[in-house]
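The residues making up each chain are set out below.
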Amino acid sequence: MAGYESLITTIALVGILAYSFHVVLMAGQLSLGQAGFASLGAYLSTLAVLDTPLFGTVSPVWVGIPVGMLVGASAALLLGLPVLRLRGVFLAIATIAFAEVVRILMLNAEWTNGAQGLRLDKWVTPGLAWAMLVALVYVFWRLGPSRAGRAFAAVREDEVAAGALGVDVVRTRMASFIASGAIAGLYGVLYAYFVRRIGPSDFGFTMMLDGLVTAVLGGFLLYFGPLLGSGFVVLVPEAQRAAGLEAGWIHPLLTGALLLAVILFLPGGLSSLLTRLPRPRRRAPIPVTLPVTATGHGLPARGSQLLAVDGLGKEYGGVHAARDVHLELHAGEILGIIGPNGSGKTTLVNMLSGLVSPTSGRGWVLGEKLGGSGGMHRFAAAGVSRTFQHAKLFDRLSVLQNALVGTHVVSEPTFLRRLLWLPSARHDERRALATAAAQLERVGLAHRQDLSASQLSYGDRRRLEIARALAARPTLLILDEPAAGMNPVEAAGLADLVRELANEGVTIMLIEHNVPIVLDVCTRVLVLNFGEVIAGGEPASVAADPRVVEAYLGTAGTGDA
Amino acid sequence: MSQQLANGLFSGAIYALFAIGFTLVFGILRHLNLAHASIFTAGAYLGIDLVARFGVPIWTAFPLVALAGVALGVVLERVAFRPLAGRADEHFAGLISSVAFGGMLVAALQARYGTQQHSFPVDAFPNRIYDIAGISISLAQVITLTVALSAMAALAWLVAASQAGRAMRAVAENPNAARILGVHVERVTASTYALSSALGATAGVLMVLNVGQAHLSMGLSIELTGFAVIILGGMGSLAGAMLAGVMLGLAESLTVHYIGSSYKDVAAFVLLFAVLLLRPQGLFGTIRVREA
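First to last, the sequence lines map onto chains A and B.
If you read the first sequence in the working numbering, its first letter stands for residue 1, the second for the next number, and so on.
If you read the second sequence in the working numbering, its first letter stands for residue 1001, the second for the next number, and so on.
Simulated from the structure, these hints should not be mistaken for lab results.
For glycine and all other residues, C-beta sits at the position ideal for the given N, C-alpha and C.
Hints should not be assumed to be uniformly reliable.
As the list claims (entries may be wrong) - Simulated coverage check for chain B against chain A, where a stretch passes if three residues somewhere in it have a Cβ under 8 angstroms from a Cβ of chain A:
(1) 1066-1072
(2) 1086-1096
(3) 1110-1120
(4) 1237-1250
(5) 1272-1278
So here's chain A without its partners, still in its complex pose (with noise of 0.2 angstroms):
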């Protein structure tokens, strides 16, 4: 019994020490200074846990628990402050650094006793270790379908997009970070009481590749993969004695095949097996009561301005994708943009939209400054929404699931009303599900709602990122070449949803390559050459302008056409 008592605690702490991973993973960062913040926790916690129990009966743990937390959170925060800079192999390499550090440090401390390492008692016990990792379950559970929940899936799976619909990206990376922080810390309070025994060592590099090989091998998409993960990744080596494999060699080399056969053929993790999708449960229809058009922000009166432009231009290393723009936008118009590839009208749109920002000029959106600090996610949260020219979904989510990240901006937080199960968040939740529906309805996507985005064809792409930005419930729409690899019959419907939102208010911003649509649409046409506007104003007027003939077709006599 006292061999499973420790087998029954062994899974618990590893499944905790997993879901310190898990929690940035699932945001798409690759952090790991994990064995850091445990080394802290642990080590910092021992100065706060007295030798006897707490009132006569209470293990003196509790105190290091949350002792143990807010260490690792507090080193986590101040470690992300500089390296969150960083992306991919490079904040691994630097979080492996100071996991480093820290254990040096340790080995090297007085009060740590060195590389002897601290005496403690034991006061973790099999209860203790499973009620904080059902805590943590708990927890990821409900975060999951929550807004923010959404918003660590979206920054995982592309950040500019979920930049654009008005995830706080730095933010969400520094939650991430620091309740990553957290967990370490906790899980090194309770490894240090449960083994009696702490040295430098034990927080070391292998911490490090078990707590990521668990995490991994449960898979990070879906909120029970750590404790899958650990569950596996501690019985196989009791399968293996049971079935009389003795050798030391045998469990690294099974560990190692299994995590290749994990990333290699089931890339979501063994959890995937069990749900091949992250999905919300199957709901009765959600009566459509909202009105569609309803919005979040209150659309501005028709004629207001909405934008104004001055100077405007980006030079990239002496090449000008756009140079002194001037532009004015009113409530209610269609405002087209046309010119050659290459001309600048994308670049035109990344500065408004708040994704670059313009090295000369200035101007505001919807009363955000431009190239003023923080992310394109002000923009977005001051009603600016817009597609990509190359559509950016979110691969591994859903569809609806892509249209309910658009729904950011215009819905409350409701992690943690859902930790409490209040029923405000239920209402909400519903209700930007509700918004999602009814936009993906709109563009006819409503049947494929379950599918992934990666699943869906060319068009309906195009289509989903367009309901996305919709259900932000936008004041200003930019379209970035929505038509583009349409058949006639596809991009007819899209002028007839672009004239439909313009009758329900919203303004729209439309860059396209086919003119015939733009002159039929539009209120009014920007036509942009090299970066410069070489003209603009009524389409009839703009469609016989010289100059814009000749950007199109060359000049009259160079060919015979």
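With chain A held as given, fit chain B onto it using these hints.
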């Protein structure tokens, strides 16, 4: 003091040799190959086995170990990286699959050689000590420097001047464009791993020559040092990795001399942090840093 610097130079040469293999793969293919350290360990054990069991002279052992490295590299690429090509999470998945491959390789070493430390037989090469300007240098150190320098020179020539090197540089610049221009990208990928692993395995033998023993976890500490070297030198820069490797070896010696041996490894990571934080764009390489 100058003795310390000389010792730093020798270990620095090993770091450099290890790290250029590491950085070669990163620079050309953008893969962070965490199995590199396991191949380093495998090289060490193989080298000892060749000399101790088969009586191969140490000079012959080096090319044989390098060949074994080539074979391991080809298998590694085939098993852990090629199946992931083109997947959206290719880089993350490659990191995990290389961890898995490395773990399996070390497990195989454990099955074959057990967990105890291994070392060269005492008569493998004469334990000669030279005295040059008051600095004593062992034959092992001379061998180390000679092998490391010639391996690096050969690599530098290969990448800079040969047809294969040109193809590698083309793939590094833009794999798709390289493919369109007729470069056989799969072959370049495989040969990059082969070359990188040959260097890593050779570095393993040199490490044993210098520190005396091989053990299963010897890859862990050099892996961390390898990270530091490739960041300092600039991700993917071969010359940078060579310089940074030697720099780190010297920095370690100086740390040992002035602060104490227990802080030996801190030097590497302090340098690493300084580069990552103060010059996030990298000393020589192209560190992609962008505020979202």
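Outcome of the hint check:
1. 1066-1072: Check failed, 0 qualifying residues.
2. 1086-1096: This one holds; 8 residues, not fewer than the three required, reach chain A with a Cβ under 8 angstroms.
3. 1110-1120: holds (count 3)
4. 1237-1250: The restraint on the region 1237-1250 of chain B is violated, since only 0 of its residues have a Cβ under 8 angstroms from chain A and three are required.
5. 1272-1278: holds (count 4)
The earlier numbered hints that this structure contradicts are 1 and 4.
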